[in-house]
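Take the sequence shown: its letters are residues 1 to 400, numbered as in my numbering.
Among these hints, one or two may not hold up.
In silico lysine-lysine, DSBU-like type, Cα no more than 30 Å apart, as pairs [claimed, not checked]:
1) LYS13 / LYS293
2) LYS185 / LYS327
3) LYS293 / LYS327
Listed next, with one range per pair, are the computed distances between beta-carbon atoms [as the list claims (entries may be wrong)]:
4) HIS297 / SER40: 43 to 49 Å
5) VAL310 / GLY38: 53 to 59 Å
6) SER40 / PRO397: 37 to 43 Å
7) LEU30 / SER189: 34 to 40 Å
8) TYR306 / LEU265: 20 to 26 Å
9) PRO12 / ASP85: 52 to 58 Å
10) ALA210 / GLY166: 50 to 56 Å
Simulated from the structure, these hints should not be mistaken for lab results.
Note that beta-carbon positions come from the ideal geometry of N, C-alpha and C, so glycine has one too.
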Amino acid sequence: MAFYRQVGHVPPKRHTQHRDENGNLYYEELMGEEGFSGDSSLLYHRGLPPAIVDVGAWHLPDQTLTPNHPLHHRHLRLPELFPGDTPAATDPVTGRRLVLGNADVRISYVVAKGASPLYRNAIGDELVYLESGAAVVETVFGTLPVRAGHQVIMPRATTHRWLPMGEEPLRAYVIEASSHLTPPKRYLSKFGQLLENSPYCERDLHGPAAPLLAEGEEVEVLVKHRPAGEVVGTRMVYATHPFDVVGWDGCLYPYTFDIADFEPLTGRVHQPPPVHQAFEAVNFVVCNFVPRKVDYHPLSIPVPYYHSNVDSDEVMFYCGGDYAARKGSGIAQGSVSVHPGGYAHGPQPGAYERSIGAEFFDELAVMVDTFRPLQLGEGALACEDPGYAWTWSGRGPGPR
């Protein structure tokens with residue numbers, strides 16, 4: 001995201017001496033994507049960024065994936081993964097339960113009240129959508145205040161931790177990429193500015209406003225990585241606190257985007273899902289479905305037409321409002337529908353007809369479309385609604 005920011009104290013010329021009031025040098029770190037060819041930022045540390053004193057294994061929660069076979073549509077009731085009162089010790093990082101995944105993306109869900117350990121994902125960028133609750137996210141770049149409706153974009157290898165705030169637990173839908181998450185290319189100028197036809201602009205993206213200076217020695221950071229295809233974790237103990245940055249500048253940093261700032265694109269007849277796209281990555285996209293006026297042709301049918309995703313699996317997380325196309329399916333707040341590539345899906349029986357004449361849809365959902373098949377995590381197997389696949393026909397499996 002080529003949107004330059006400068007926070008804290010940086011020297012007037014990059015790669016030159018930068019000293020404190022006592023004459024001690026700060027240590028410059030380049031954090032960049034695609035080697036030295038992508039977006040980057042320069043951070044100025046009090047201590048040496050690579051200085052570690054110990055390492056060990058971090059044993060991740062169950063990362064097993066099971067094929068979607070026999071192939072069929074699925075409904076996952078995510079709230080069932082965290083029934084009852086949330087333990088205070090559960091945190092937004094180690095408490096995540098894997099729901100869906102493939103080589104390009106892994107989707108998890110967590111309900112948490114406790115502060116997370118320091119953490120970074122060395123596999124890819126993360127998008128964390130807050131369904132409810134509030135938190136402060138402390139990062140090596142500074143702090144981000146977040147609340148329900150915010151999407152937090154965390155660049156790969158950014159050390160950070162989550163601090164839930166208030167009595168309400170944090171409910172978070174986590175999309176972990178194996179690449180970088182960016183605005184769609186069609187919404188960017190050749191120099192990276194968001195264009196006038198984009199559904200959001202730079203004013204809607206909020207990064208850290210000041211450095212976060214922390215003291216400490218022998219500080220532990222959990223690192224997620226993928227040395228040979230499988231996802232594993234390492235505990236790294238740093239000689240000094242990673243949050244020792246006095247200033248930074250560049251175009252790479254974490255930021256928040258309020259889904260309420262997404263401006264829907266509508267038309268006289270039903271528009272295809274790409275008009276809802278907010279971000280893209282390698283082999284998947286993220287779309288935001290927000291409250292909006294709907295199709296205004298006199299003969300329009302406002303709910304989606306039936307469609308076959310021949311190249312992608314479609315995953316919809318229902319996080320607010322009243323989703324008209326899914327009435328009668330059992331889908332509710334916190335549900336996820338999984339419509340795999342291979343055959344058609346669309347509105348539930350009766351929704352097609354009921355939508356005629358509608359002028360406004362009050363719905364909120366975050367969609368992920370993947371271009372390689374998704375598999376089921378342990379979380380999906382634990383909360384599946386076994387009757388969903390038959391809701392279009394009204395007839396389940398069995399003798400005929």
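Item checked: CB-CB spacing for PRO397 and SER40 relative to the 37 to 43 Å hint -> Given range 37 to 43 Å: violated, Cβ gap about 54 Å.
Notebook entry, point to check: Are LYS185 and LYS327 close enough, with their CA atoms no more than 30 Å apart?
Noted result: violated, 34 Å
Next item on the list: Could you check the hint for me, namely that LEU30 and SER189 are 34 to 40 Å apart, CB to CB?
Entry: violated, 25 Å
Notebook entry, point to check: Does the hinted range 52 to 58 Å hold for PRO12 and ASP85 at CB?
Noted result: Given a distance of about 54 Å, which is inside 52 to 58 Å, the answer is holds.
Check: Do HIS297 and SER40 keep their Cβ atoms within the hinted range of 43 to 49 Å?
Finding: Holds: the Cβ-Cβ distance is about 47 Å, inside 43 to 49 Å.
Margin query: Holds or violated: the 53 to 59 Å window for the beta-carbon distance between VAL310 and GLY38?
Written below: 32 Å Cβ-Cβ, so the 53 to 59 Å window is violated.
Notebook entry, point to check: Do the beta carbons of ALA210 and GLY166 sit within 50 to 56 Å of each other?
Noted result: Roughly 23 Å apart at Cβ, these two residues miss the hinted range, so it is violated.
Notebook entry, point to check: Quick one: are TYR306 and LEU265 within 20 to 26 Å, going by C-beta?
Noted result: holds, 22 Å
Notebook entry, point to check: CA of LYS293 to CA of LYS327, is that 30 Å or under?
Noted result: Roughly 19 Å between the alpha carbons, so the hint for LYS293 and LYS327 holds.
Notebook entry, point to check: Quick one, are LYS13 and LYS293 close enough, alpha carbons at most 30 Å?
Noted result: Violated, because 50 Å separates the two Cα atoms, which is more than 30 Å.
Checked against the numbered hints given earlier, this structure breaks hints 1, 2, 5, 6, 7 and 10; the rest are met.
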